[in-house]
Amino acid sequence: MKIRQSIWSIKTVFVILAFIPVLALILIAVNLVLHSTLAISTLGTGLFSNSFSPSGESGVTARDMHYGMLPALWGTFLVTLISILIAFPVSLTLAILANDFSTGLLNSIIRWITGVLAGIPPIIYALMGSTFFLWFFWQKFAGQGLSAANLPPPNMLPSDESCTLLGGLMLGLLLIPFMTPLLDDALRGVPNSFKEASLSLGATRWHTLRSVTIPLAQPGIMSSLLLGILTALGESIIVAYAIGFSAKTLPSPLFDVLERTAPLTSTIAGLAGGGFSRSSVIGPVGQSVASVMGLLLLLTAFALLGISLYLQRRLKKRLTQ
Amino acid sequence: MKAEILTRPVEISLVKGKYFLLRIAAIVAAIVSILAIIGGCLAIASNSLDVYAVPLLFTLAVGFTILSIFVYRLQRHWQFSLTILIAAALISAIVIGFLPEYLQGLKINGIIHRSLISGLLLLAIAIPGSCYSLFYLLGVTPRAFDVSRYPLFIFFSAAAFTAYGLIIFHIIDNGASQLNLALFTKPFLNQTKIVEQWYNGWPVFSSMIVKQVGILNHIRGTLMLMGLTSLISLPIGVSVGIVMHEYAGPRVAGLLHFSTTALRSISGIILAVTAISLLSLPDKGTFWYNLFHGYGTDVNGILQVGRSSFLFASLFISLLVIPLIAKATQEGLSSLPVEIKEGSLAVGASKEHTLFHVQLPWSTPNIVTGLMLGCAEAAGALTIFFLIAGTGQFGTGPLNETTSLAYLIFDCRFGPVMGDPIQDMKTYQYTAALVLLVITLGLTVAAMIMKKNLAKRYKGA
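Top line first, the protein sequences correspond to chains A and B. Counted the way the numbering used here counts, the first sequence spans residues 1 to 321. Counted the way the numbering used here counts, the second sequence spans residues 322 to 782.
Chain B on its own, in the form it takes in the complex (with noise of 0.2 Å):
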């Protein structure tokens, strides 16, 4: 059909009349195609509004006529789809002004809305009708049918960007709305105290809850998590880099790209059901358990022995920042131009001595762009150790037990299953969710802009 319209210029210009009406109504289809557009974004936002669907999708029906009247006068024979269209519309229309309110039955869970349908329905028919009225509005030429693929592009990544808008806004309403600087300044307690008094010359002891709330702690704890995990990975991952691009024939570096991208693939449930069976291991007592567990001391000076210690649970969380670094590593090398490697090596300079003064000085941005990426995972890396970490109310330090600030959200829904006493926190999981976002979204957009930087580099002759 398209072949045919093109190969037909001569009588576009001779009917120009026709054509001058056909383009108005373009422009009507095209008006009731956004309107119903706007109908169905609204009737899948709010029940009461599906009460328009039917006008609308009758209006949707009438506008397509008269535009497949104007084409078939201009081209002499009806457009297949339009009529489509149209048929779509009217009986959609019908369908919808017959259906109850609620639709329920084969005993699914639940029972659907109409709107949900007469919402969907409307995006469905309205959507490839604007892209037909635009590409008759802007003269059916080639240049057209293309532009009129926009609606359609536009249309989806629109939804999808507002759903992230809506998330972003919603965390930000609500974690600042409880924001405050004692938040920061100070760590979450919930202990029992044992407190000694002298009473007629007697001790007695009475016990009292110490209570306190904040996110000092689990801000530390991210903190530690990234740090220690940046430690154990940067070695690694950029040894792992180094060997693939220099030393590995072509065996060894598929074996090592392979089992690098399945670390980062697997899922991270694994990591943690081999992180719990090394966590039974050692027995009790003894000073392995103590290191894999981490312990620290709560108020009464007594020693606790938590669930994992951030050494252990880094361990871990490195296993996925290293694919990371050695892609990154990697990457700078390759990015080397090789006339500067060879000048290097032409000028007497050894292969080891011009890996540690030309190869990775040149690739250190690239390798320090991975390493922000590795702490925005390491921060955010939950999967790994939700079923082993603690409140950290017993210190922060390498050995005690594990926390983060998103294991603060996790606790505050399971805390309560997990027999952490957090409830306290649960007005501020907004609050911690925003915190989290502003560390892990501004470790990202740096490691953007460096990766950016790094494109104008000197690229070789």
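Here chain A stands alone, though its shape is the one from the complex (with noise of 0.2 Å):
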């Protein structure tokens, strides 16, 4: 009987333990709603306006405040488009080299320098993006030969070493070694059964990897997809170093990607506060907006990861049937 009880009291702490993250992320939610009313109650349908800038609010109506998110919105999409646009072909190659194109050898180097990769901190990639700034795109895009061409003032790139496009290339640079070793497992869980029956019927690897491989591994690749989405949808310090902190409007061509158009986490970043003392001059309503968008990203987050949950399940059936 004793026993018995000195076992129930250990798995009681257990237990208990085990469920801060899950009262952690309730916390998380809770406080974003909280906190998300108040810009709700008071901008309405002015949240989706198309201009944005924050301001101390004393004395100013609701109708005078401009906090729309459309730039926000837009500039996220365009961020987490170019960094999956780079990083993805990019790293399903490095997956499909790693697992049915090569030998020991390179398949070990390969899958050792995507680990090794993986533990850049995203502080770096931020740091090396105004030098990948003058490197490239200062070359590429105004040109060193600016005055012999002889353009208007409003084809000049922003002068602050930053551009969507450039965020979007540093995020695609930190997801590469985040997605590799996904779409490495996805790939390496189609039993060898089937590919042998593939090559034994006369089929290349080429026609293997196509038809065989690729088909089956489909849920596990579009989770990883997901998983990736969801990383560059969240990173906040590469882009605050490499775009910026808030867009004023959407850029006016809708694609253009030299404009700044800041993502929400960093406008989230901008508008949130703390010790960053240039927020402490937004009001309450702005800090609230931050929640808004806060919640949004949170939204969008459970959605993708539920996704990509029963796609896993998905492929883990369709594999083990």
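Source of the hints: derived by calculation from the structure; they are not laboratory data. A portion of the hints provided could be inaccurate.
Label-pair restraints from in silico Cβ distances [what the hints assert, rightly or not]:
1. Y610/B <-> R63/A: 31 to 39 Å
2. S498/B <-> R63/A: 52 to 60 Å
3. L602/B <-> R63/A: 25 to 33 Å
4. G740/B <-> G46/A: 27 to 35 Å
5. W112/A <-> G669/B: 43 to 51 Å
This structure is a prediction, so every number in the text was calculated from the model and none was measured. Even glycine gets a Cβ: it sits at the ideal position worked out from N, Cα and C.
Please assemble the complex out of the two chains, which come individually in their own frames, going by the hints.
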């Protein structure tokens, strides 16, 4: 009887400790909802207008506040799209090379390098952003022969070493070592017997890859793509460094990636406050708008994560059948 | 088309002379493609080298034409993809020939240099071209068909690894040039000290600026964050792993799995917003306010309340580390061969005894691996506290203001906006980046070596 009691108590301690992450997640969600009510009740549909200029809000009516989220939403879309367009093909290539198209040594070298590169913290990419800008963007998009080209002033690059394309590029570099192991796992999960059956019927390795491995691993590939999108949505240091903290309006041709269109994450950082003394001038509605944006990110993350987990389960079911 | 080639092996052996010529043509096309790939990379790297783009594209067109003529002589039909490549090479040569040096329009910010377009076009035509010439060079076999895909793979991976090589080389190059021992032994200081002097029997107060350059307090702050984070997250992470593997039913396990995955996948800035709103809860001057915000004494011995304490910051960072440790624990527990566990239960050990004396010792290396990755995460995790950290010149105890190497790098750019007197450190930001890189990459490599050794363990009969 005594032994059973002691087991019960140890189990209780473990269970209580294990539910701390769940509690933290609930606390985060509740906090965001509570703080976002002020902005929603004050601004209403003004939250989705196309003009964003935070202010101190002293003696300003709700009609004159400009907290439209449209530029930030568009910036998030652009940055995520660019980074995924860079990272997904490269990491899929690396995963294929590590799985089906290489023998022992090259295989383990690729896995080692991507594993080591996954340890580089985002601030390093952020720091290198301005250097990449000087090396590459300044040459290709503004040009050293700027005076010879005789340009009108609006066609100039932003002068402080930042643009949306740069943020997307550095984010893509962050995503490659993150997505490669996931895609690698997805491709490795396909049983060898399937591949061998295809090869023994006379198909080349490329045909096996295209018609057996990738279709079977498709849920896994989709789920790692979704996790990559999730990471790209949530990264904030790199975009704050490479793009900036806020965008006033949508870029004038919508696809202008050489303009600075700050995404949601860095806009939140600019609005949220804390010790960031620049944001002590932002009023309570502005700080509440930060919570609305955070809530939007949280809901998107839950949706994508749910789909991703469902796809993983489907992959497992498909492969065990 | 491929199938047609494969069904006619006899014909190929009959026309061996023709095949020899095809091989020569393929060698020519391969050399031209390699030249064009190099030319494309150079054109992207340097503006002035795009003058070679047009001649290279014409040469590519000629090389592919020769190749496709010999393919036609052998197979009696035109290789459609080669024809497309020839057309693309010719068209892009003509287009690039007529382009001005700078392109502008549509009111986009910036003007595009011709070399970017010509470099990308060269690569886009030369890489498939090299695939085809490799295919014909190696004798039109299934094996050659596989090998001819390598240029595609190698180009993508080489491009990615060049970017990372540039990053690491640049950090080492700039960081090592500013490296000296004094930087590691002195803490950073920039404060105003009130000095009391006696003049004609009266005390006179004058202010003196105390300045010192060094990253000692940032290194100590990083270590403090790593230590506190592992202290907080180790018990919680291990118990999440144990509960998920041992006690929970599928529903509770699913809930725990979802919440830990969600904590890692949701944006760090959401955690930062939560942290900031938690910071504003207690009233100014109370015990909890000081505990949350962190306090220390400056050179005059006056209490300075900061933005957030190490304890507070590492509470939030450990939310990111708990999932890593939980996953590692779960992997360790499930890697234990069933017969060892059942053997322990069979000789009369209780479930608890088995857990503490068999299962947990077995999964300790896994947990340590997870902890190392978590420490690397804590050293580099800036998103959560970049809005609420400080310079760390008021001490680096658990209750002092948060700082770390990663924050120093951020501070060097945005410090003036945030009111941190950090201008003198701007020269040393690459040194800080180098030290941070050494810490995180060292931990990651150590964790990977441990993981590799774990794979060799006994896996059951």
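A quick look at each hint next to the structure:
no. : hint                          : result
1   : Y610/B <-> R63/A: 31 to 39 Å  : holds (37 Å)
2   : S498/B <-> R63/A: 52 to 60 Å  : holds (56 Å)
3   : L602/B <-> R63/A: 25 to 33 Å  : holds (32 Å)
4   : G740/B <-> G46/A: 27 to 35 Å  : holds (31 Å)
5   : W112/A <-> G669/B: 43 to 51 Å : holds (45 Å)
No hint from the list above goes unmet by this structure.
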